[in-house]
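A.B. asks: Please put together the full structure from these sequences, using the hints given.
Protein chains: 2
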Amino acid sequence: MLKEQIYELGKKARTASRILATASTRMKNEGLIAMAEALRVNKGEILSANRLDLENGHSTGLPEPMLERLLLNEKRIDEMAYGLDKTADLKDPVGEVLGAWKNRQGLEIGRTRVPLGVIGIVYESRPNVTADAAGLCLKSGNSVILKGGKEAINSNRIIASIISSAARSRGIPEGAIQFIDSTDRESTAILMKMNEYLDVLIPRGGKGLKEAIQQNATVPVIMTGMGICHVFIDETADMPMAVNIAVNAKVSRPSTCNSAETLLIHEKCAEALLPSVAKALEEKGVELRGDERARTIWPGMKRASMEDWATEYLDLIMSVKVVKGLEEAVDHINTYGTGHSEAIVTENYSSSSRFLEAVDAAAVYVNASTRFTDGGEFGFGAEMGISTQKLHARGPMGLEQLTSVKYIIRGHGQIRG
Amino acid sequence: MLKEQIYELGKKARTASRILATASTRMKNEGLIAMAEALRVNKGEILSANRLDLENGHSTGLPEPMLERLLLNEKRIDEMAYGLDKTADLKDPVGEVLGAWKNRQGLEIGRTRVPLGVIGIVYESRPNVTADAAGLCLKSGNSVILKGGKEAINSNRIIASIISSAARSRGIPEGAIQFIDSTDRESTAILMKMNEYLDVLIPRGGKGLKEAIQQNATVPVIMTGMGICHVFIDETADMPMAVNIAVNAKVSRPSTCNSAETLLIHEKCAEALLPSVAKALEEKGVELRGDERARTIWPGMKRASMEDWATEYLDLIMSVKVVKGLEEAVDHINTYGTGHSEAIVTENYSSSSRFLEAVDAAAVYVNASTRFTDGGEFGFGAEMGISTQKLHARGPMGLEQLTSVKYIIRGHGQIRG
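In order, the protein sequences belong to chains A and B. This note's numbering numbers the first residue of the first sequence as 1 and each following residue consecutively. This note's numbering numbers the first residue of the second sequence as 1 and each following residue consecutively.
Do not take every clue at face value.
[Said to hold, decoys possible] In silico contact screen, one side only, chain B against chain A (beta carbon under 7 Å); selected entries:
1) L107
2) A212
3) Q215
4) M241
5) A368
6) H412
It is worth saying that the hints were derived from the structure and are not from the lab. Keep in mind it's a predicted model, so treat the numbers as computed, not measured. Just so it is clear, CB atoms sit at the ideal spot from N, CA and C, and this is done for glycine as well.
C.D. replies: See below:
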């Protein structure tokens, strides 16, 4: 798409965002419910568009996991619609007063939650993101500009068109939900420099997309979902719990960012516990890659290279390292982790406290699986991804993380001396 | 400075930040008090270094306002020291629990305030920023890397050296406060791409510096202090209050970002009020630049060009526009404002509500001067600038705005189904 066309979308989004910022909760909810209903009613059309994408995918030799992510069926469309209905049920974050006080001059100062304004989302193959992201942005009073992956262009186009016209039918302004109907990368490059109209850009997708945006964006960006997560089995760990947590963190859904990639185990319990943990993981089909000491205890493992500690496998592979103790585990995590989710399994109180305090990550767990880092599990409802940066949002991004603040000040003629 | 040297500072800062993150409030406060004391004790050395900078400034023909910003004297050094003492008195934001709940699986989830980590500050001629910024970063548990302007290199070097060794003498880790002892722009260019070690970069200085950082940084940035602020005199405004607020917002300190640059006035009161307001401003030495209608009422004004509406004068100049009413005022502000501070003078309740709601800015005032947008006036204590972006921090940045959050999760073996 041409720069002028994308800027035109930006301008419309900005105009719509001014209206949305003061739209009633009721109107936004009615929009969301209409969007859900429109998805259900127009299933046939969505499925035909999706078939086109799948055919193109097959003929261009798209790998099986990508075809799987691309696939829509009646159940998945119902889930998208259900997600929008559920977003309507969530508390509206806009207008919440986060604090109010009088200053020494008698000014009444209030800190109020307001929408961010215009949010750009660049995503890859999963077409459900089109509806999910649009729903969260609408509920939080933001305009959204969506740019999906080229594999899903037909599915995304029809979903975007259905939901945006359903929203408009309930009074949501034109420009609130817009879709960049283009498969070129140039559009993304324009979007990431459109500071006049974009308040934030959120990339959702693979490493390549995220790095390109981090390197080139001039608009504020929120980086999400890079997860090299660890499970550390401390000296005093309960054996069945350690096995359960390590297995769950690795195998319950290896393609997600909150899955563990590395197992750290205290040298004092490695001989007693590692065989059981390793066996349980291998029985689930996990390929283990260990350091020297781990391989002495469980010789079947492959040798881990330095690169393994810094790799997000997103697959049934796990690196294993025997550490001298808690401090080495913490150092390893703070060196190789991506600041996502980290867990310790321990029965020792002081170790649990030290781990919680010293590990620098969005979510730090004692005796629980890293897989819980998720908006739904945290009780936030839907989410826009897991932020792995420290600025603005850290961890699961729910509706609150899509807002900013505004100071409202009421005076009676005060001037500054 | 070479890239390797700056990365070495980054590495040290990161190591120190891990220690600082769990440092006690007491230790941080003792560091701050020692820094203040060291500034007082070493006044002579600071003044000699400052004299060098002033001499260089004179000989290179630095403009008078820059020399004024560069100048240190005993009083200014005492103020810097007092600022550090006051920062020690502020509440430590680190460790505050922002919420805690049990999820449906019985996990105890807590949301806790933690430091950002490593903060970079790039600033221009005012050497007091060296001490102020270091103090705020230390109190909020962050390491700081400071890069000052070349005009102040001698002053900054000695101040940084005095405060960092004073802090170290109280157990603050080496690397907590570091100064880039270089005047080349290349160092700034390296800093703004040092994603491995920098959690955020805050530019404090002129438009050129900020634009260069916005265009080129790959690290997260907080943009501060761009202020095209407006005062809108509504139809029902009280005349003396309108005069007072307009004059205070423009002339009390024109070089600051919270000063007003444009006066908007409702057409229904323009004939009655504009002459008094214009006269009062001109008596304070303000050059007025008006649109056609304003010039009909007060013919002495220069003609405003389109460019005037988009200019931050930072000087005794003010543009003046007669508007048809509140909505035109809001549109003008949302078009030309920088989202900093905006004021309405009105006696009408509905107009005040509409203005507060519809104006998109960090601080929106009814019947008070825009000049109050300031950490001290808001009751935050010291500040790191006024953020004009919506991500992470908006408005005055106090200690809280220099923190992130961390989720602490305690379980008893939970795994995700």
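A.B. asks: Each hint should be assessed against the structure and marked as holding or not.
C.D. replies: Cross-check of the supplied hints:
1. A cut of 7 Å between beta carbons decides the hint on L107 (chain B): the least distance to chain A is about 6 Å, and the hint holds.
2. Restraint check, A212 (chain B) versus chain A: the minimum CB separation of about 11 Å is more than 7 Å; hint violated.
3. Against a cut-off of 7 Å between C-beta atoms, the interface hint on Q215 (chain B) holds, since the closest Cβ of chain A lies about 6 Å away.
4. Evaluation of the M241 (chain B) hint against chain A yields a held restraint, the C-beta minimum of about 4 Å falling below 7 Å.
5. Using the Cβ-Cβ criterion of 7 Å, the hint placing A368 (chain B) at the interface with chain A is satisfied: the shortest such distance is roughly 3 Å.
6. Given the 7 Å rule on beta carbons, the hint for H412 (chain B) holds: about 6 Å separates it from the nearest Cβ of chain A.
In this structure, the one hint that does not hold is number 2.
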